[in-house]
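Chain order of the listed sequences is A and B.
In terms of the numbering used here, the first sequence opens at residue 1 and continues consecutively.
In terms of the numbering used here, the second sequence opens at residue 1 and continues consecutively.
FYI, nobody ran anything at the bench for these hints, they're computed from the structure.
For clarity, every value in this text was computed on a predicted model and none was experimentally measured.
Errors might be hidden in some of the hints.
[What the hints assert, rightly or not] To give an idea of the interface, some chain A residues facing chain B are shown, with a C-beta separation under 8 Å as derived from the structure:
no., residue
1, 55
2, 240
3, 241
4, 243
[Claimed, not checked] Away from chain A, derived, C-beta distances all over 12 Å, residues of chain B:
no., residue
5, 41
6, 81
7, 195
8, 202
For every residue, glycine included, the Cβ atom is placed at its ideal position computed from N, Cα and C.
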Amino acid sequence: MINDTVITDEMILTTLENGVLTITLNRPDRLNSFNDEMHRQLSAAIKIAEQDETVRCLVITGAGRGFCAGQDLNDRNVSVGSKAPDLGFSVETYYNPLIRRLVALPKPIICAVNGVAAGAGAAIALAGDLVIAAKSASFIQSFCRLGLVPDSGGSWFLPQLVGRARAMGMAMLGDKISAEQALQWGMIWQVTENDQLATTVNNLAKHLATQPTYGLGLIKKAIHSAATNTLDEQLNLERDLQRLGGRSQDYREGVDAFLNKREPTFQGK
Amino acid sequence: MENNWILSQQHHRVLTLTLNRPDVRNALSTPCLELLVKHLEHAQTDDNIGAIVITGNPRFFAAGADLKELQQQTVASAITDKRPQVWRRFAQISKPIICAANGYALGAGFELLLASDIIIAGESARFGLPEITLGLIPGAGGTQRLIRAVGKSLAMQMVLTGETISAEQAQQAGLVSEVCVDALTLERAQAIAKRIAGHAPLAVNAAKAALVSAQETHLTEGLKLERQYFVSLAGTDDRQEGIAAFFEKRSPQFTGR
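Bound conformation, chain B alone (with noise of 0.2 Å):
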C-alpha cells in the first residue's frame, strides 16, 4: 500500500498491523484510519490470517484523531462524514482483533481499542477520551463503548473531565484483560492471537459473532442467535475433527470447513 503508516506482518496464521506515525504520535486522521481498515478488510478475505493484532509504539498506541480535520469540520461537512462509515467497516470484520497497547491511547486512539475485541495493555498504557477538553465528544463509539465495558460511572467520569486511568485501573475496570510488563505487551498479544488462530476458523468466527451480539441485543435475542451460531456449526468438518481428536488425544487438523 501507498506509504507506510500502517506495517504489515505476517507469522504463521497472525497479522500484525502497527501504526507507524510517530512523528503524530500515531494520530488516526481519516486517511490513515482508512488504510487500517482496507488492511483488515484484506486480512478478512485470506485465508493465512486467523487473527491480527493492532499495535502502536512504546510511547503511543495512538494519540487520538487529526486536530486539523476536526479544527475544519463544519455541521454540515460532519454529517457528510466518511468517517463514520470507516469505524463501520472496522466493526464489521469478523476476525478477531488483539490490541497491544503500550503508552497513550486517547480518543479515536482508544475508541479503537474499544471497538477491537481483546486489549492486553502494557503498565506503562494510559487511557483517555479527552475530547470534552477541546469542545467535543467522543464520536466512534466512545460513549457507548466505554461504559458497556465499565459501567455507568467511571465511564461518566472519564467522558466528562477527559482524565485518562492507568493500565491497572483499566484492568480493574474490566476494560483490559491483561496488563504485562511493557517489553512483553505484543508478544503476548501475539501468543493470544496465535492460539485462537489454531482454533477452528468457523468456530472463532462464530464464538466472536455471538459475544459481540451480546452488546447489540437483550439476552432472550442474544440466547436464540448463540443458538443458531451453535447449530450453523454443527455440520462443519472441523467440529467433527474437534470432538474426534479429543477423543483420540491428538491435537485437531483444522480445514476451515
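Looking at chain A on its own, in the form it has when it is part of the complex (with noise of 0.2 Å):
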C-alpha cells in the first residue's frame, strides 16, 4: 500500500548523471499536465538544481508521448453554473514563480521537447535556452479557445521569437505548430529524428556541463536582459557582466589553454 503510493505520487521524476540533471514531467497519462502536486514536486526538483553546484545543465522533458499540455482540466472544477474561479491565484502561486526561476538559473537549461507542448507547456517549452523537438512535436496556444490569455510567460516569449504577427496568429487562432515550423520560425534551436531526441540532448547536455558554467549563466542573463533594455543600458550590462566573467577561474583556463594550445579543463566557476 506505501509503496504504490511512492509510486503514483513520483510526477517528477530526477537523474543527475555528470553535472546533467534531467528533470522528467511524469503524468504520461494525462500528457504530463499539471495540477497542483505535480507544481510542487516541480519546485522541489528545480531547487536541486538552483543549489547543487555539481549541476552544470539542466534538463527538461515529458514521459510517455506528450511534452506538457499545461493544465490540467480535470483539476478545475468548474461548471456553467458555478462562481468564476480565480485562475490569477494559480498563475502567480505556481506557474510564475516557475518561469522566473528558470529563467534566472545561471546554468544553461535544454528543453527536449517530445511531444506535445500545449498551453503553459508551450510556454515552459519556450522558457528553455535551447529547445529541441522531436519531428512529431507541436506547440499550441491553447488559451484562446477557453476564453483565456497565454500565461506562464507565453505572451512574452512568442513575440519575442517569432515576431507580433505569427505569435497574434499562434495566440489567437490557438492553431497546432509543427517542430518544423517552430524551427523555421525560429522559436526553437533544433529539430531532431522522433529516435534520435534522447541521443542528440543527451550528447549536448553533457558537452554543457563541461562548459564554463559561471560564464554561460552570465550570458544567459545579457541575453534575457537584452529584451527589455535599451542598448545603452545593455552596453553598460555587458561592461558589469564582461568584468565578472574574467574574473572567473574558467576564464583564465581558457585563455591559458588556447596559448599552450591544450584543450582546457573548466570548473564551471
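Hey, can you piece these two chains together into the complex? The hints should help.
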C-alpha cells in the first residue's frame, strides 16, 4: 500500500549524471499536464538545480508521448453555473515563480520537447535556453479556445521569438505548430528525428556540463536582459557581466589552454 | 570592538562597514545599532576617512529590528527607549554614507537606508516597511523619510500594506540612485565612495549639510543655509587648490583645510 502511494506520487522524475540534471514531467496518462502537486514536486526538483553546485546543465522533458499539456483541466472544478474561479491565484502561486526561476537559473537549460507542448506547457518549453524538438512534437497556444490568455510568459516569449504577427496568429487561433514550422520561425533551436531526440539532447547536455558554467549563466542573463534594456543599458550590463566573467577561474583556464594549445578543463566557476 | 557584528575594513579613504549577523538576518537590535553608530562616530573623527560604505550580505541588507526587544516593550519603556537617541546620532554623521544593498532591507534595515545619503541596490534588493503587519508602525523615520523620497501614494501604499518593492521600482521612485548586478553592488558603492572621498573634505561636508537641510527646512531658509555653507568655504585652502588645479590642468591635492 505504502509502496503504491510512493510510485503514483512521482509526478516528477529526476536523474543527475555527469553534471546533467534531467527533470522528467511524469503524468504520461494526462500528457504531463499540471496539477498543484506536480507543481510542488517540480519546484523541489528545480531547487536541486539551483543549489547543487555539481549540476551544470538542466534538461527538462516529458514522459510518454507528450511534453506537457499545460494545466490539467480535470483539476479545474468549474461548470457553467458555478462561481467564477480566480485563475490568477494559480498563475501567481505556481506558474509565474516557475518561469521566473527557470529564467534566473544561472545554468543552461535544454528543453527536450518530445511531443505536444500546449498552453503553459508550450511556454515552459520556450523558457528553455536551447529548445530541441522531436519531429512529431508540436506547440499549441490553446488558451484562446477557453477565453483565456497565454500565461507562464507565453505572451512574452512568443513575440520575442517569432515576431508579433506570428505570435498573434498562434495566440488567437490556437493552431498546432509543427516542430518543423517552429524551427523555420526561429522559435526553437533544433529538430531531430523522433528516435534521435534523447541521444541529441544527451550529447548536447553532456557538452554543456563541461563548459564554463558561470560564463554561460552570465550570457543567459545578458540575452534575457536585452529584451527590455535600451542599447545604452545593455552596454553597461555587458561591461559589468564581462567584468565578472573576467574574474572567473574558467576565463583564465580558457586563455591559458588556448595559448598553450591544449584542451581546457573548466570547473564552472 | 567587543564582537564581530560589524566588520570594518578601510581601503584608501573609504571605510566599509559590513552588517554581520547572518543567523538573525542582520537584524538591527539596539546593541547592534549602537555598535554601528560607534563605528560611524569613530570614522567621523578620523581624518583618513572621507566616506563610509555600509553593506550587508547577498541575501539580507538588514531584515528589521529585534522582534524580541519589541515584544518586551511597554508604553513606559518605549517612552524612555534610548533607540531614538541612537538614530539621532546616526543622522548627525556629517561624512557621506553610501549603502550597498543586496537582498532584503526591511523595517529598521530599510530605515537605515533612508537615513543614509546614497543607496546603490543590487537587482535582488527588496525594500519594505512590514511593521504594520505586526500591529505597529515604523519608528525610525520610515513614515517621514520615505514620503519625502518617493511621494505620497507609494509611501502610503508601502507603509499601510507592508508589502515590499523591487530594486527597479525603488529606482523609478527615486529611492535608489543605481541598480547593479548583485555581484558588483558593493564594488560600485565603494567606487562612488572613493570618488567622493577624493574631493575636498570641507566641501563634501558642506554639500551634505546643505542637501540635508533641503529636507528639513523650507526653500527660503534652505537657500540662506546654502549661501552660508558656500561662503564658509571661501577661505579654505582646498578651494584655492581646487580652482588652481583646474586652471593648471592637474589633479588637485586637497589637505582638508
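- Task: Please flag the earlier hints that this structure goes against, numbers listed from lowest up.
- Result: Per hint list: single violation, 1.
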